[in-house]
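I would like the entire structure built from these sequences, with the hints used as guidance.
Numbering follows the working numbering, with no gaps: position 101 of the sequence shown is 101.
Any given hint might turn out to be false.
With a cut-off of at most 16 Å between alpha-carbon atoms, the simulated EDC-like pairs for lysine to aspartate or glutamate come out as follows [claimed, not checked]: (1) Lys293 / Asp278; (2) Lys343 / Glu304; (3) Lys167 / Glu120; (4) Lys50 / Glu253; (5) Lys337 / Glu304; (6) Lys4 / Asp306; (7) Lys343 / Asp278; (8) Lys337 / Glu270; (9) Lys343 / Glu270; (10) Lys4 / Asp332; (11) Lys231 / Asp31; (12) Lys224 / Glu45; (13) Lys167 / Glu123; (14) Lys167 / Asp129; (15) Lys293 / Glu280; (16) Lys50 / Asp187; (17) Lys4 / Glu336; (18) Lys50 / Asp192; (19) Lys4 / Glu340; (20) Lys293 / Glu347; (21) Lys343 / Asp306; (22) Lys50 / Asp252; (23) Lys167 / Glu121; (24) Lys224 / Glu54; (25) Lys337 / Asp306.
Treat the hints as calculated values from the structure; they're not laboratory data.
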Amino acid sequence: MSDKRVDLRSDTITLPTEEMREAMARAPLGDDVYGEDPTVNRLQELAAEKVGMEAALYVPSGTMGNLVSMLSHCRERGSEYIVGDQAHIYIFEQGGAAQFGGCHPRALRTFEDGTIGSAEEVEAMIRPDNEHFPVTRVVALESTHNLCGGSVLSQAYVEDICSVAQKHGVSTHLDGARAWHAAAALDVPIADYVRAFDSVSVCLSKGLGAPVGSVVVGSQEFVKRCRKLRKGLGGTTRQVGVLAAAGLVALDEILPGLGGDHARCARLAEGLAALGFDVETPTTNLLYFSVGKVPIAADAFVAECDRQGVRLLVVPGAVGRMRIVTHHQITDAGVEKALEVFKAAVEA
1 MSDKRVDLRS DTITLPTEEM REAMARAPLG DDVYGEDPTV NRLQELAAEK
51 VGMEAALYVP SGTMGNLVSM LSHCRERGSE YIVGDQAHIY IFEQGGAAQF
101 GGCHPRALRT FEDGTIGSAE EVEAMIRPDN EHFPVTRVVA LESTHNLCGG
151 SVLSQAYVED ICSVAQKHGV STHLDGARAW HAAAALDVPI ADYVRAFDSV
201 SVCLSKGLGA PVGSVVVGSQ EFVKRCRKLR KGLGGTTRQV GVLAAAGLVA
251 LDEILPGLGG DHARCARLAE GLAALGFDVE TPTTNLLYFS VGKVPIAADA
301 FVAECDRQGV RLLVVPGAVG RMRIVTHHQI TDAGVEKALE VFKAAVEA
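In structure tokens form, the structure reads like this:
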């Protein structure tokens with residue numbers, strides 16, 4: 001991405017690197033329906049190894065990754081899953097588990113740090129064995145948490161929640177679209193970070209820059225169920241190694257540099273705060289802020305920045321709240337240009 005135009009709207013807007021394009025062009029291919037695409041198989045093996053679980057499944061999107069996971073855990077219609085009321089699964093994925101699987105969400109309050117209450121509070125929400133209630137099958141967490149400013153759930157918190165769920169025979173799932181960033185922020189291997197979960201969905205596009213795809217990771221039995229569900233949802237493809245090849249490059253070349261995304265995000269936060277914006281202190285590569293004392297409306301600020309070659313996002317449904325996301329195609333020079341444009345837009 002050229003620094004002539006700095007696109008900070010999301011880490012989903014990245015374009016494939018030259019290395020990705022080359023890998024896609026020369027990837028050995030086969031029919032993935034028969035399990036014969038060697039590039040997909042290698043990607044799944046590598047993802048399972050990195051996340052520290054038995055098996056993995058490549059899916060077209062994070063939404064499908066979460067959906068097949070929830071349906072795999074909630075095998076009976078009328079099952080219930082516990083989720084935060086600000087979770088991506090709950091807000092931005094069309095209620096897919098209810099729509100396609102008859103799974104009932106029990107939404108708990110999401111706090112500013114991305115938690116959904118203490119282990120004791122979550123335990124109290126697990127349904128007792130009573131004919132009046134749906135059966136609680138899974139607790140779903142999110143880390144990093146998108147609407148909570150890219151916050152990272154602590155290792156202790158996720159292990160406490162997973163422990164209390166396990167005590168009641170309830171599964172746990174992590175919407176880990178940006179779990180790579182969470183692990184980088186905590187400076188731990190992702191396998192250590194997610195070890196308590198029964199399943200994890202990790203994205204190869206958000207954060208890692210591949211053009212397409214996510215990976216669902218869990219036990220062999222769990223992934224087998226997800227594979228069947230993927231077929232029913234229309235997510236089964238043939239020579240998909242042409243896409244999976246970019247994911248392999250992302251894991252090899254982009255993953256080690258995520259700390260740089262965090263540092264550049266912190267620099268942008270510092271610069272916006274100095275201009276008078278109200279800034280939600282970032283912990284990873286997501287930065288939320290509002291106009292604060294700056295004499296310009298959010299929409300006008302974003303439009304002026306766009307005119308000067310820097311793109312950012314006004315959060316849908318959140319009055320005056322804006323978002324910036326750094327990624328591997330935002331350079332130090334791009335950050336400095338963005339700060340110059342922010343200053344000029346305020347003074348315009």
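Hint by hint, which ones does the structure fall short of?
Failing hints: none at all.
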